[in-house]
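Chain by chain, the residues:
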Amino acid sequence: MPSAISVITLLTDFGDRDYFVASMKGVILGINPQARIVDLSHAITPHQVEEAAYLIKASYQYFPDGTVHMAVVDPGVGSARRPLLVTTSRHFFLAPDNGLLSYIFQEETGIEVRQIENKQYRLDSEGATFDGRDLFAPAAAWLTKGQSPGSYGKLIRDYVKLPLAEPEWQGSALAGHIIYVDRFGNLISNLTPFHVKDVQGRTRRSDVSIRIGGVTIDGLLRNYSQGSADAPHALINSNGQVEVFIKEGSAAETLNISRGERITLA
Amino acid sequence: MPSAISVITLLTDFGDRDYFVASMKGVILGINPQARIVDLSHAITPHQVEEAAYLIKASYQYFPDGTVHMAVVDPGVGSARRPLLVTTSRHFFLAPDNGLLSYIFQEETGIEVRQIENKQYRLDSEGATFDGRDLFAPAAAWLTKGQSPGSYGKLIRDYVKLPLAEPEWQGSALAGHIIYVDRFGNLISNLTPFHVKDVQGRTRRSDVSIRIGGVTIDGLLRNYSQGSADAPHALINSNGQVEVFIKEGSAAETLNISRGERITLA
Amino acid sequence: MPSAISVITLLTDFGDRDYFVASMKGVILGINPQARIVDLSHAITPHQVEEAAYLIKASYQYFPDGTVHMAVVDPGVGSARRPLLVTTSRHFFLAPDNGLLSYIFQEETGIEVRQIENKQYRLDSEGATFDGRDLFAPAAAWLTKGQSPGSYGKLIRDYVKLPLAEPEWQGSALAGHIIYVDRFGNLISNLTPFHVKDVQGRTRRSDVSIRIGGVTIDGLLRNYSQGSADAPHALINSNGQVEVFIKEGSAAETLNISRGERITLA
Chain A
1 MPSAISVITL LTDFGDRDYF VASMKGVILG INPQARIVDL SHAITPHQVE EAAYLIKASY
61 QYFPDGTVHM AVVDPGVGSA RRPLLVTTSR HFFLAPDNGL LSYIFQEETG IEVRQIENKQ
121 YRLDSEGATF DGRDLFAPAA AWLTKGQSPG SYGKLIRDYV KLPLAEPEWQ GSALAGHIIY
181 VDRFGNLISN LTPFHVKDVQ GRTRRSDVSI RIGGVTIDGL LRNYSQGSAD APHALINSNG
241 QVEVFIKEGS AAETLNISRG ERITLA
Chain B
1 MPSAISVITL LTDFGDRDYF VASMKGVILG INPQARIVDL SHAITPHQVE EAAYLIKASY
61 QYFPDGTVHM AVVDPGVGSA RRPLLVTTSR HFFLAPDNGL LSYIFQEETG IEVRQIENKQ
121 YRLDSEGATF DGRDLFAPAA AWLTKGQSPG SYGKLIRDYV KLPLAEPEWQ GSALAGHIIY
181 VDRFGNLISN LTPFHVKDVQ GRTRRSDVSI RIGGVTIDGL LRNYSQGSAD APHALINSNG
241 QVEVFIKEGS AAETLNISRG ERITLA
Chain C
1 MPSAISVITL LTDFGDRDYF VASMKGVILG INPQARIVDL SHAITPHQVE EAAYLIKASY
61 QYFPDGTVHM AVVDPGVGSA RRPLLVTTSR HFFLAPDNGL LSYIFQEETG IEVRQIENKQ
121 YRLDSEGATF DGRDLFAPAA AWLTKGQSPG SYGKLIRDYV KLPLAEPEWQ GSALAGHIIY
181 VDRFGNLISN LTPFHVKDVQ GRTRRSDVSI RIGGVTIDGL LRNYSQGSAD APHALINSNG
241 QVEVFIKEGS AAETLNISRG ERITLA
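Protein sequence lines, in the order shown, are assigned to chains A, B and C.
With the numbering used here applied, the first sequence corresponds to residues 1 to 266, in that order.
With the numbering used here applied, the second sequence corresponds to residues 1 to 266, in that order.
With the numbering used here applied, the third sequence corresponds to residues 1 to 266, in that order.
Since the hints were made in silico from the structure, they are not lab data.
It is possible that some hints are incorrect.
Pairs involving identical chains hold if they fit within one copy or between any two copies, as the list cannot separate such chains.
DSBU-like, lysine-lysine: derived pairs with alpha carbons at most 35 Å apart [stated by the list, open to error]: (1) LYS57 to LYS119; (2) LYS161 to LYS197; (3) LYS119 to LYS247; (4) LYS247 to LYS57; (5) LYS154 to LYS247; (6) LYS145 to LYS197; (7) LYS119 to LYS161; (8) LYS197 to LYS57; (9) LYS154 to LYS197; (10) LYS154 to LYS57; (11) LYS119 to LYS154; (12) LYS197 to LYS119; (13) LYS57 to LYS145.
Hey, can you work out the whole structure from these sequences and the hints?
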């Protein structure tokens with residue numbers, strides 16, 4: 001894998017008002033001044049590993065080959081939970097072993113998962129509370145300097161995976177759930193065009209109806225413009241997932257729905 | 001126009017907590033790893049094109065020659081509204097054809113406006129809901145790689161311009177309005193030193209008085225320090241516009257004023 | 001001091017929704033397109049110099065040699081307060097003369113403090129309200145282009161220092177205070193491992209107890225994982241300071257405590 005480009009993405013629940021994120025960037029630039037650092041997000045709800053897992057899934061594939069994705073949402077910082085280095089055919093991922101990379105494990109093939117053990121890639125510091133700065137940032141930066149994944153630690157197989165529930169048939173309807181609510185209040189589900197076709201095959205109708213929060217939505221639109229402000233609509237979004245929205249409004253607020261809510265396709 | 005520098009600015013209403021902005025940056029860096037990406041703002045009130053138009057006006061001229069300004073506040077994404085590439089003597093601008101670039105059209109001369117049609121600069125994707133990532137980001141990145149504006153699409157003349165109301169005389173007073181409220185609650189108007197001189201000429205007084213929200217402010221100060229915390233004051237701000245402020249307080253909150261409010265100079 | 005790396009950090013109370021930060025970045029990149037700009041934070045509570053002073057203290061040392069730290073929390077912008085350039089053995093600092101760099105003055109030795117007077121490093125602009133863009137940004141950028149500190153202005157000695165209260169003995173207890181509350185609601189004090197040892201020496205006990213907001217906490221933990229969600233705990237944090245936290249909760253909210261609160265060690 002070429003690493004001339006040296007992009008490092010950062011995903012945390014650290015927020016953007018404290019010194020946390022900048023300290024990590026300082027450490028990275030001290031090791032590799034050429035690294036291109038991109039903030040994925042620092043606004044993950046504190047300790048919400050599932051939310052972070054989805055953000056990585058939704059964006060990692062748009063980054064160039066050799067990108068190092070570093071994700072630190074880590075309620076167990078300083079405890080025995082292991083820090084991981086994951087290698088795929090195109091990218092690197094560094095994260096605590098708490099399920100944060102579950103979608104990567106699900107979507108990518110031929111991955112290698114290592115426990116980061118090499119103390120040479122660690123920063124000396126007084127406390128054990130900031131692995132983002134002291135462990136993950138230098139480990140990420142050294143990767144972009146060409147250190148081999150093998151030098152980080154041994155391969156492991158028993159890493160943590162979140163239970164990523166697949167949609168299930170309930171009669172002739174397929175029941176999924178909302179896996180992410182974005183800033184516009186759009187409701188993103190784990191239903192895909194594949195599931196839509198499946199339902200169409202079973203119902204022998206060319207269209208589908210979506211049921212969520214007591215509301216029924218008929219058919220899928222092509223884009224937000226086709227929707228209206230007075231009722232929820234649905235479409236296949238740009239990541240290939242069924243999404244419920246209200247035009248220039250918030251479906252989450254109007255329907256009073258949050259992550260985890262059931263959504264069915266019939 | 002030289003493009004060795006390759007600065008790309010991003011202005012959206014996408015917020016900073018989701019995967020939207022990072023996905024666009026990934027696409028840009030995949031095409032041009034040398035691009036310097038600067039966030040102009042991602043905190044535009046959702047769908048508020050006027051707010052975004054002002055932010056571009058207030059900042060674009062401070063960027064180096066060859067900078068590519070990409071602005072995506074786009075309630076009509078996926079609909080028939082056209083994506084634009086605008087070329088001025090110093091900069092490039094990419095935005096949907098919804099008036100977002102109105103101040104550029106007003107302030108710059110010798111501009112060329114093109115409809116982006118060339119599919120080669122587009123990313124393939126499943127949905128039609130994320131032109132920021134799939135259309136504008138690659139189009140911006142290819143510009144910094146030296147692709148000519150002419151290769152993007154045909155020149156057009158019927159692009160959308162917002163109605164940018166000019167201050168109007170009402171007797172011997174000049175009436176403008178508030179065009180932006182900043183994070184400090186400062187009220188920025190469309191009145192300029194030019195208008196102040198005009199009023200001084202007509203009133204034959206060396207000073208002016210400002211009226212807004214039922215309050216009268218006498219004279220213009222030089223800087224915030226000269227103001228006081230117990231009353232609103234006014235000055236010519238660093239962008240050359242009459243601004244109403246309360247020292248270390250919020251004029252917007254105290255006077256209960258938002259964008260669009262009338263302000264008169266007499 | 002080598003300046004090949006050209007990292008510039010930005011710390012302001014400008015927020016991230018307006019045009020302020022982007023304008024400064026545009027000015028910097030216009031002077032030095034190679035500068036690596038890192039946002040330290042723009043979410044300082046407006047005009048809170050003490051808060052900004054702590055953020056610099058907590059992060060500056062993690063940046064590479066030659067880094068230029070630019071901090072603009074500046075209630076007195078445009079007034080007679082002086083703009084400063086401070087040189088240490090490793091870094092540069094630019095800030096208004098209002099105490100923002102107090103911790104640097106306290107922690108670093110052999111510093112040189114200059115008043116920025118050279119008009120050549122200033123941008124021409126219409127108002128006197130945006131020194132971040134017109135004075136500090138170009139001054140910072142020219143430093144990374146190799147301009148010597150001596151060319152900025154004369155050395156001064158009467159710069160402003162905030163009163164940084166040291167912990168004080170009250171009987172056999174050492175009383176400090178909370179100097180920062182982070183996004184998680186963790187309470188960071190000005191008590192350090194040095195103070196802990198001091199108290200242990202005086203009490204002849206191997207452990208310590210912490211008292212804050214009417215609550216007593218027994219002993220120091222090693223990391224957040226050892227804490228619990230139902231009571232506050234304390235540890236030495238990654239910056240070497242005694243910190244009070246509630247596991248996966250907010251100590252600030254639960255104890256209803258903010259910056260300035262007393263904390264004692266016994």
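So, going through the hints one by one against the coordinates:
1. LYS57 to LYS119: both (29 Å within a copy, 26 Å between copies)
2. LYS161 to LYS197: Cα proximity of LYS161 and LYS197: one copy only (28 Å, versus 43 Å across).
3. LYS119 to LYS247: Classified as between; 27 Å across copies, 52 Å inside a copy.
4. LYS247 to LYS57: Close inside one copy (25 Å) and across copies (28 Å); limit 35 Å.
5. LYS154 to LYS247: Between copies, since 31 Å is at most 35 Å while 50 Å is not.
6. LYS145 to LYS197: Cα proximity of LYS145 and LYS197: none, with 46 Å in one copy and 40 Å across.
7. LYS119 to LYS161: within (26 Å within a copy, 40 Å between copies)
8. LYS197 to LYS57: Within one copy only: 23 Å inside, 47 Å across.
9. LYS154 to LYS197: neither (43 Å within a copy, 39 Å between copies)
10. LYS154 to LYS57: within (25 Å within a copy, 37 Å between copies)
11. LYS119 to LYS154: within (13 Å within a copy, 46 Å between copies)
12. LYS197 to LYS119: between (51 Å within a copy, 28 Å between copies)
13. LYS57 to LYS145: both (25 Å within a copy, 28 Å between copies)
In summary, the structure is inconsistent with hints 6 and 9 from the numbered list given earlier, while agreeing with the others.
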